[in-house]
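> With these hints in hand, go ahead and build the complete structure from the sequences.
Residues per chain, in single letters:
Protein chains: 2
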Amino acid sequence: MKVDVAIVGYGVVGNGTAKILEEKKEILKKRAGVEINLKKVFTRNWNKKFEFPLKENQKANSLDEILNDKDIKIIIELTGGIDFPYELALKAIEKGKHIVTANKALLAEKGKDIFLKAEEKNIRIGYEAAVAGGIPIIRALREGLVGNKINKIYGILNGTTNYILTSMFKEGKDFKTALEEAKELGYAEADPTLDINGTDAAHKIAILASLSYGGFLDFSKVHIEGIEDINLMDIELAKELGYTLKLLAIAKSHNGEVEVRVHPTFLPSDHQLAKVDGVFNAVMVEGDSVGETMFYGRGAGSLPTASAVVSDVVDIAKSISLGVGREIEITSMNWEHKDLNLTKVSDFYTRYYVRFTVPDITGILSKVAAIFAKYDISIAAVLQKEKVIEKYEKISEKLVPLVILTHTASENNLQKAVKEIEDNNLTGAKTVIIRVEDEED
Amino acid sequence: MKVDVAIVGYGVVGNGTAKILEEKKEILKKRAGVEINLKKVFTRNWNKKFEFPLKENQKANSLDEILNDKDIKIIIELTGGIDFPYELALKAIEKGKHIVTANKALLAEKGKDIFLKAEEKNIRIGYEAAVAGGIPIIRALREGLVGNKINKIYGILNGTTNYILTSMFKEGKDFKTALEEAKELGYAEADPTLDINGTDAAHKIAILASLSYGGFLDFSKVHIEGIEDINLMDIELAKELGYTLKLLAIAKSHNGEVEVRVHPTFLPSDHQLAKVDGVFNAVMVEGDSVGETMFYGRGAGSLPTASAVVSDVVDIAKSISLGVGREIEITSMNWEHKDLNLTKVSDFYTRYYVRFTVPDITGILSKVAAIFAKYDISIAAVLQKEKVIEKYEKISEKLVPLVILTHTASENNLQKAVKEIEDNNLTGAKTVIIRVEDEED
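Top line first, the protein sequences correspond to chains A and B.
So that you can map any letter, position 111 of the first sequence is 111 in the working numbering, and since no number is skipped, the others follow by simple counting.
So that you can map any letter, position 116 of the second sequence is 116 in the working numbering, and since no number is skipped, the others follow by simple counting.
By construction, these hints were calculated from the structure, which means they are not laboratory data.
Do not take every clue at face value.
Just so you know, same-sequence chains aren't split out, so a pair can sit in one copy or run between any two.
[As the list claims (entries may be wrong)] Each computed BS3-like pair below joins lysine-lysine, with the alpha-carbon atoms no more than 27 Å apart: (1) 117 / 29; (2) 275 / 252; (3) 117 / 70; (4) 39 / 252; (5) 149 / 19; (6) 170 / 275; (7) 117 / 30; (8) 112 / 176; (9) 239 / 275; (10) 416 / 430; (11) 398 / 95.
Here is the structure:
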């Protein structure tokens, strides 16, 4: 049995995918019992030099050449952006072609539309490559952990920001220097905005939340903070308290709601995720049966991402060869057939690292502590520096950092307390609030 | 569509499996689109108290009640040992019943027979629970990494020994004390022989090697060393050199052979696996496309193991509901249709930690180094202690430990060099040799 497939978008991941499909044709046939034939590839400009050159007869000059080819059963969508791949997906579904995509923005923002239309037409959508590159996390959630209620899923889903935070934490570099180095090494794109501001990680956690909790969510309501404003001072102060800073993407469910958020987060330094350094990704899944599991690997790059693309292509080609469609899937994206209600930011409960910038006089701590107590915020640790360490950014000589680590508190109360402290002129600069993921018994 | 299943063997994992199948019936139906009905359970003695009590009509009084029940399509085999489950498996296959098992000894030692017979009768064997408990590593290798040539797969596959080694490394306990504590905490069985001597980890890596390299192997030829003779001194000396001791199970392929071995191994302390502590398991998989990936979680316990059992039950029930058998499987255990050739111990190439016990006189190091050079063994680091630290076990006052860390060398040459050094009366006690997993460029 031979299944014809086509790639649309021939960039780094496209080249890697073609390379695996062509060079591993035999091994894939042995393992999956089906021959996958890369019949056509479409890209806007064939005049470039490609990492993996194609045969002339594989080059399509228009999208229609692929869409109208009845033999092509799977379209591997590897373009960027949202609008073009969205239109392509709808057309492919209309034509009865299955889709494999690495496009997290597309699925996070237009997933509901695409998955519902695919359901209608009995079309499969493979999206292993859209989250955490080569790590087979979708398969794990969809099949391996099928007997679990997912209590929580959280992880490091963006390699660029993890590289930057690792070099800030380990080498004491400031954000700008670390970002420049990441660009030089190819770990950050020329325009790294969507990585740095947390959107990329948010796209991925939105997909994981949809799959884990069985419904669609309104991406525009996901709470997202990036790492642009992270000050080295906070990384170094928290290190003294035993914490490491990561850009965490978190999804958990409670009271019929799903909490989805992306923000810089302090983790205890002995936490498995705290040990994930550089460009690596890792996802921690807490299931009610399995307990804690973690999946670690490369979240980006040509061949790691192509590895995930190919796993979906094989899976779908296999089902085509058996004459079945979506009915073969364990855990469809919409298994609860509902829209997920997202928890509002003010309803978050977590631990907090709060750095006030206060005058170096006695009595301040007791005033701050009194306001925290008023808002029912319990203090777990305090770190007050006698003298500002010189290498930190300029703080007026008369001001010092006062760090308070709280027990689990309400976001709403925390924000009110900080506002009251600032309104009372107890601080001399903007207060820094960073959430802490460190569960208490 | 309803699929009837039965459990044989009602111990901790059996109870956990029944609990998930009964309590999660609805969620499994929603996710997988198939109803799984736990029709019968067989155990030798129904007069005990069980963690998860069954309905009276679920209790089978004989195995035949299950084997002869035409409605039962899947037998979940959760007994111990090898002979009984082997016979059961053959009978189940004969009766056309699919099998899900957590029995690693059975598959590692009798797998060839079972898988070949299952192939003949179009029967599926689910064995996710046989390796690394709740971690979905079989699915990852079978499907998620299907586009990869697996260069190497290695990991911590036994929680008991990892607990012991962690408490030796972190708390400076000796082997016996750590073992006793593990027993008290329920992390070691009353008779922990198969864990301690490496057999359990070897069963698991043999299964992973078979799947990764597509054939069967002669388990009796797998190289196995346990942790019974590990001396705290070596853990502490290697710590000074930046290494952590783990019981590693390793499989890799080269020159048409597969190297499978289990032994205490030093890892660089910043290696991801070195950070896996206590009873946790973790498997590192190096694929040629995906690069380095790691899978981490609980390797044992009632619900974590049951989580894996249930994932196989759902998968197979799903294929039954679609009317298909083994043809649905991506990557069968025997996809290369061959027997694997195992590399002989003398052909291993790796790095070594060698601790000689030598007289505290000048000139010894140069003699030892000369013999290493003669056998083409390059020295990476030397640690010679002036004085024996008191807490180490008694070494005659005139003898001191001399540790040599080698670059990659031939096992054959290493053994010859050590023998020549001992034959030349340069040492005063048995030399300790521990392999080091630390790849060099």
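> Work down the list of hints and note, for each, if the structure agrees.
Right, here's what the structure says about each hint:
no.	hint	result
1	117 / 29	between (31 Å within a copy, 22 Å between copies)
2	275 / 252	both (22 Å within a copy, 26 Å between copies)
3	117 / 70	within (20 Å within a copy, 40 Å between copies)
4	39 / 252	neither (42 Å within a copy, 34 Å between copies)
5	149 / 19	between (38 Å within a copy, 13 Å between copies)
6	170 / 275	both (11 Å within a copy, 17 Å between copies)
7	117 / 30	between (33 Å within a copy, 20 Å between copies)
8	112 / 176	neither (37 Å within a copy, 58 Å between copies)
9	239 / 275	both (13 Å within a copy, 19 Å between copies)
10	416 / 430	within (14 Å within a copy, 68 Å between copies)
11	398 / 95	neither (70 Å within a copy, 84 Å between copies)
Checked against the numbered hints listed earlier, the structure breaks hints 4, 8 and 11; every other hint is satisfied.
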